[in-house]
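Protein chains in written order, with this note's numbering: chain X, 4 to 337; chain P, 4 to 337; chain S, 10 to 631; chain U, 10 to 631.
Just so you know, these hints were derived from the structure itself, not from any lab.
Hints are supplied without guarantee of correctness; some may be wrong.
[Claimed, not checked] Distance condition first, Cα-Cα at most 25 Å in a straight line; then the derived PhoX-like pairs of lysine-lysine:
1. U/K139 x S/K501
2. U/K598 x S/K579
3. X/K134 x S/K598
4. P/K218 x U/K139
5. P/K134 x U/K598
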Amino acid sequence: MNATANTVPNFASDQEVRWCPGCGDFAILAQMKKVLPTLGVKPENTVVVSGIGCSSRFPYYLETYGMHGIHGRAPAIATGLKRTRPDLQVWVVTGDGDALSIGCTHLLHALRRNVDIKILLFNNRIYGLTKGQFSPTSLPGLVTSSTPMGTAHEPLHPLSIALASNATFVARSVDTNAKHLGEVLRRAAAHRGSAFVEIYQNCHIFNDGAFDFAKNPAIRDDHIVAIAHGEPLVFGKNRDKGIRLDVAGPEVVTLGGEYNEPDLLVHDEKADTNTIAQMIAGMRHPLMPEAIGVLRDVDRPTHNDLMRDKTPDPKSRETAVNRLLHGGETWTVA
Amino acid sequence: MNATANTVPNFASDQEVRWCPGCGDFAILAQMKKVLPTLGVKPENTVVVSGIGCSSRFPYYLETYGMHGIHGRAPAIATGLKRTRPDLQVWVVTGDGDALSIGCTHLLHALRRNVDIKILLFNNRIYGLTKGQFSPTSLPGLVTSSTPMGTAHEPLHPLSIALASNATFVARSVDTNAKHLGEVLRRAAAHRGSAFVEIYQNCHIFNDGAFDFAKNPAIRDDHIVAIAHGEPLVFGKNRDKGIRLDVAGPEVVTLGGEYNEPDLLVHDEKADTNTIAQMIAGMRHPLMPEAIGVLRDVDRPTHNDLMRDKTPDPKSRETAVNRLLHGGETWTVA
Amino acid sequence: MEIDEKVRESQAKSPVDVEAVVIRFAGDSGDGMQLAGTQVAVSSALMGNDIATFPDFPAEIRAPRGTPAGVSGFQVQFASRQIMTPGDTVDVLVAMNPAALKANLGNLKAQGTIVIDIDAFDAKGLRLAKYDENPVENGSLDEFQVIEAPITSQTRKAVEQLGIGHKIATRCRNFFAMGIIYWLYGRDLTATTRYIDSKFTGEVAEADKLALRAGWHYGETTEAFERSYQVPAASQAPGTYRNVTGNEALALGLMSAAHLSGKDLFYSAYPITPASDILHRVSRFTECGARTFQAEDEIAAICSAIGAAFGGAMGTTGSSGPGIALKTEALGLAVMLELPLLVINVQRGGPSTGLPTKVEQTDLLQAVTGRNGEAPMPVLAPSSPGDCFNIVIEAWRIATKLMTPVMILSDAFTANGAEPWRIPDITTLEAIEIEHPKSPTGMEPFRPYDRNEWLARPWALPGTPGLTHRIGGIEKADGTGAISYDPLNHEKMVKLRADKIEKTALLTPDLEIAGPESGELLVVSWGGTFGACQEAIVQAQRDGLSVAHVHLRCLNPLPRGLGAILKRYKTVLAPELNLGQLRQLVRAKYLVDVRGLNKVRGQPFWIGDITTEIHRLLGQEK
Amino acid sequence: MEIDEKVRESQAKSPVDVEAVVIRFAGDSGDGMQLAGTQVAVSSALMGNDIATFPDFPAEIRAPRGTPAGVSGFQVQFASRQIMTPGDTVDVLVAMNPAALKANLGNLKAQGTIVIDIDAFDAKGLRLAKYDENPVENGSLDEFQVIEAPITSQTRKAVEQLGIGHKIATRCRNFFAMGIIYWLYGRDLTATTRYIDSKFTGEVAEADKLALRAGWHYGETTEAFERSYQVPAASQAPGTYRNVTGNEALALGLMSAAHLSGKDLFYSAYPITPASDILHRVSRFTECGARTFQAEDEIAAICSAIGAAFGGAMGTTGSSGPGIALKTEALGLAVMLELPLLVINVQRGGPSTGLPTKVEQTDLLQAVTGRNGEAPMPVLAPSSPGDCFNIVIEAWRIATKLMTPVMILSDAFTANGAEPWRIPDITTLEAIEIEHPKSPTGMEPFRPYDRNEWLARPWALPGTPGLTHRIGGIEKADGTGAISYDPLNHEKMVKLRADKIEKTALLTPDLEIAGPESGELLVVSWGGTFGACQEAIVQAQRDGLSVAHVHLRCLNPLPRGLGAILKRYKTVLAPELNLGQLRQLVRAKYLVDVRGLNKVRGQPFWIGDITTEIHRLLGQEK
Ligand SMILES: Cc1ncc(C[n+]2csc(CCOP(=O)(O)OP(=O)(O)O)c2C)c(N)n1
Ligand SMILES: Cc1ncc(C[n+]2csc(CCOP(=O)(O)OP(=O)(O)O)c2C)c(N)n1
Ligand code: SF4
Ligand code: SF4
Ligand SMILES: [Mg+2]
Ligand SMILES: [Mg+2]
């Protein structure tokens, strides 16, 4: 069917996909299958590592190398892999529970170390695989199997946490927004350093409609602002609203009256500090439109850059090991 | 000696203090012994929980209830305690490794849940107890026993992480700045909800001078800005410098020329969002003076408020348990 | 209720009495098989039958539709005698699609009955199940009685009148299938009708009820079935009964133990299959004062329970497989702190993520010895769903008496399986007495590591004036509890902790031998395999074999008297769902050549597994 | 070098030959006792003596000054014969303050020598040590030879000429004390002088050297000592030697194993006493291509090592007590993934935080069985500091041959103790052959869980075209590695994994019996207690007792032939630094009534502990 079928590598594995029919994970998988072949990285040089959760079944469905790890630890597994195999492109797929509950520490440290792995957090604001308990991103009030009276706590906000961890690439997209998601995945792949992508993902079994505001074509344009480097933050069905920056933070303004495009915040994903990125990450439904796109994309030496590992050839290594063995005070008995 | 010796409770335990003579921990202990008796909470209603590290020996040295836990888990232990014993005042003492490396997840979640525990992070930017490996707050370049070539990574910044976790009280002080530290501790104790206090603490054995900029009387006033609610951010030996807020973030200005006090950022620890608090937390030596004092102090229902636990009297509990036991479909055999 | 009269009427015609029936519902994860089986169990229990159930489902929420890997099953046995297991083989298999048939055919009795949804045996269904030919047509099922019921189409037709969508209509298929079974075995529809009304409303409830009745009518009116059956009531001791699953009984036991000891219950957990259910249930006990805490991970779960225990609450936590592994370090802390704590391990198939919804007994050695340092703790295991209630109360009694963490080893089979349970009278259960030291009157300093006659230290609660003290994970000086690196003190404390745990044996009931006091063969079992062992042994005894049975509910320490008992039999057999873990403990302690019968398939023992081995060992191959 | 001539000269007068000497330096944590002991060890080794050391220090960085709890000790034995331990009792105790005297007096030989810094025996010093009277004056030390050396004041005087501060001057006290010992036993000052010059510069170096010489002169010129001694060289096999501690040898072994297998070494750890040192050392091996990773916790440490192993590197991690506990879950994953991985546990006193700087062997059962599910792995233990090198290479050979994680159980005593070590020739050590599958030529799909004759699966590396595959913690289908919940497959895989680990026995050397092939008593030991057992048994054999010794370097599986050996002796004794963990394993497997000699004091075995027990068991109380 596809004229380039012989040259474009196929990333689809032959494994049975075991998600509930209708799960948002399918849409993300579909995008990955589209994006991966365009990156110039061969399937055998691609590794997908995951934790545990519905989302973490992801590696099975791609014909790459992959590891379905243990709950929350994928960033740590990926760090060891990338450190010793800088030639591989390493992706991490994780869920909101996997990444922000049990695995929170590893996420933060992988980001601060800038390990050059691509972390995709499928945020469905629920524990899917264990049948619907609230997660750290569940919104207050959500009734779940473990919170019959409604979830109580303030959630964690993935983007804010990632930025506070000094991540060099931070982005957000939506499972079914195919074009946008594809572009964000491509950008993440292109980034040199740890890339963090939050993907709003609908779990229609246990938390259906959690992202209706961002997915429903009838309303989403009023609740989502797609940001782009160098562009003002304009949104709305009629592109008649924008985000202006006041010293106290971002505010929504209507265009055409007091304010116009030149008054709006112009997005700068390369900003030195993450001050404004934090503000954008702080824009939250329903008080504010939520941003999708790349919030931050800056250069910093990667973990491997910093470690400056050496790979001596066998002969010089033999000499070096021999020197080590003879370290300190030695004596010889004839 | 002390006229009120009989009425003021004594919080000093009889245990041998096992820190290196000269350790910054002594100064913090001294302040705690001063502050605790002024809080109106009896020693027996005070509990200090810690993890593992030099800092975590703290509980032994106070004549309160206490638990020296395991590495990184003190916030979790304290959460269970406070949840079931709302009548107690619960403190957590932790180190930079304890809190931000192995125990990072627990810290974030205790803060987001607003558990009403007082968390004191003794930040010496080093692993003290294990003899001087770098910690997540060590600055790049620091040569340690595990980084003979110098520490490489971007550190984590405790205040930024705490703010990103939606902490309701976030503050910083310095071990030897007795008056300031005492006041911050008092404020933390008075706060209803999780309070997070970072304390710069000198480990003269493994990381001496890490906070010279903040401690050395000769230079500290030019590198530290003591913030206070409703006050402009003025600093400098001659109080001739200030922090002005620009849309792109905070900047240092010299007073008396182009700018004067009314142009400066006025600190608002009660701000709705933590946008500006994040900016202040982002002011870092040597580029900027660092803030000490209370960055944020806002009200939000505590973990216990949200949980609305009931404590039925024994009789009504018996009835309720009986009802539970008879739940679902039952049948009776005569 | 007209149908219930019909039930009686139709059954009155020619129902044949049978003693026990095993039904297995099988279909896709979304087909409602768990509900179907549970309802048959409840209805049968209400009719006075003894029942036992075995839910058997995949790890995925909605595993791939139509494929054998995606099949979810629920087996239920109901009987007019006491039964201890859900049955080795199935009398009636209800297969909602070809994959369900394929995955479960092996469990069917010779000449058993298969009810299939013939509508689902189309080309697609057969392809997904990887059938090359239609098994219904190629004669491969000839040895069975196959009922080709058009379940899907008949269900749709039955609910047509409601004008509801295709999708909702199709979702009632399980009720239609249940209806057939209800007719076939004369089950009363009342309870299920009540259930539908309590769980659903509007047209969904209506549709379910219509489907149920339609299924019943289908059974009655078609000539597919030659006859119907009935299973008379079993004789039960007087009392009020309900069905409980193991997890349900654990939750109830936790709440009851808290009440009996006058403590606040704090249950802290991180979700994990098959333990999550305990969290869900206890989180509904708020009226009784239960406090649940869904922690950020298993480590936080146990640590918060330790914190609660320090404050004087009943600190408890539960998990499975990987989650229990994560609690290892904190368990050591609890041992050192000598605080009471319950840790529930609902064992599942391992290692690692393993078979997360399946049963295994492979965590015994981990429970007994799997910690750094000498860190002993009592380990108890319930022997059936209902026993989960007792074991929790027993464990809490031990934990508070000895000031120690106690590990409870349940398993996926016990946790999910149900049986009738005589509801205890909470007012007559023995109270659990706990003493907390009072404020001292003299000036003597408080000694948090002084010990009583049980070697337990005092549980002094924060808030008590004069008892301020600090505890922690570093070794402590005997008595004072101060940090101590003294070599002799350490050895003393290590031994004191070990001796204390040995005293558990004095707090647990004496072993009971079922069968001859000595003889050819002794079967030693533990945990959820009790029922299968018990039934097999009773059978063997009936066959005249010299077989006795002891069942261990306490695995550490091993019960008093076990050594003497073991020596009275020529052969000792330990059937376990692992590679021989109890066997290792018993051999090491008593130097008795215990044989193993080991099954590690993610499945419970069938009675036949054990019967066969007994006969083999006694040279009586059956 | 004038002093070295003097050494010879002064010694030439009347040095008495002795075979072995045990010195213990004791003082505050800041007094440099570890340095002093290490230098005596190095100097002695360079003079051809056999040496063994035992650093013994508190958990605090600078434990409370002047108090017994704060005393840091370092014991060194040097001898003209082969020695296996640092000695049971001390010939010369150097006590830098009253607390050091108090804490160590119990280890002194009858009529032993005590060198005290009399300057430190002031009122404050005595009070801190909780001495009511000055022990030097009240006659309580009369049975010993007490040298009251004014170490502090003499040191200050010696370095006066440099005009340095009091504080630096006082810091050289340890060198003065060393000087005394060097004179007393005719130790050469060259190595220590070289050491000072390599580590310090300027006036610090000068001061240290001055203090060292001053101490030497003090010994020579005062009449405190009646005579001096010398310890002739021991006979050693030809070769080049150095001293190594266990941790040092582990680090060198890791690097060598990587080189021998042509792999990149990835060592990942989270700091913890007493394992941190391995991380410190390997982090200095960058020229050899070592990659170290200080992870955020122990879980990340092992997980990153697993990631590295997947990529084809030599993934290794190390920890102790609580840190090993935290790795439990990930160890299960490694078992399931069947990737090679080394996990080093430097055992310390437990449970929980326990006695973090002290020795114990209490993690054996945790290593062998402490995981959820049936998750077996080989467990090896080095028998001495130098053996740590061999064991790592052996472990990596097994790990790669069988595709399995391997646990190495070192301990604090072995890790910190030093002994002379003949440096192996890296070019002649046997290479570790590893085969990675190549890209397939045909169209056959790659089967990541096919097995070879060792039951090992292929280690296919990312980057290889045609071998893309996914692995994970859920049970896999035999051969294909696809997720499988199939009951029979699971049982097959559980058994395959177990059988594979059993093959370890074919990869480890045969057991050697030291002593008679059969007889009265067999001592079975493992790990770092080897030396003490060996010396005790040799002694007992010399005393004419019928005692033999087998030492196990592989604890899981138990070595081939052990069962047969055990049965040839009337009594079997297993001395262990725990409550009987090897004993439990051996009893369970072979049904032999192994007796235990168990010491859980945070201290190594003294030879006498074992000798006494041997005599007791053989009815020959000594
Ligand atoms: C150590 C451990 N604890 C708990 C579990 C059970 N568990 C599996 S997935 C999961 C959470 C899944 O939620 P999330 O990460 O949001 O992924 P999703 O299923 O929603 O994609 C949990 C608690 C486990 N497998 N391992
Ligand atoms: C599970 C576990 N891992 C590692 C250790 C070893 N350890 C003890 S304290 C510590 C870090 C101490 O650093 P920090 O938290 O900064 O405290 P400080 O000593 O500097 O006050 C480590 C790694 C431990 N006790 N337990
Ligand atoms: S449970 Fe939710 S997240 Fe999981 S597969 Fe189903 S729809 Fe997707
Ligand atoms: S090592 Fe550092 S932090 Fe620890 S007690 Fe000594 S000075 Fe304080
Ligand atoms: Mg989720
Ligand atoms: Mg620190």
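Against the structure, the hints:
no.: 1; hint: U/K139 x S/K501; in the structure: 23 Å, holds
no.: 2; hint: U/K598 x S/K579; in the structure: 19 Å, holds
no.: 3; hint: X/K134 x S/K598; in the structure: 42 Å, violated
no.: 4; hint: P/K218 x U/K139; in the structure: 37 Å, violated
no.: 5; hint: P/K134 x U/K598; in the structure: 43 Å, violated
Of the hints listed earlier, those the structure fails to meet are numbers 3, 4, 5, in rising order.
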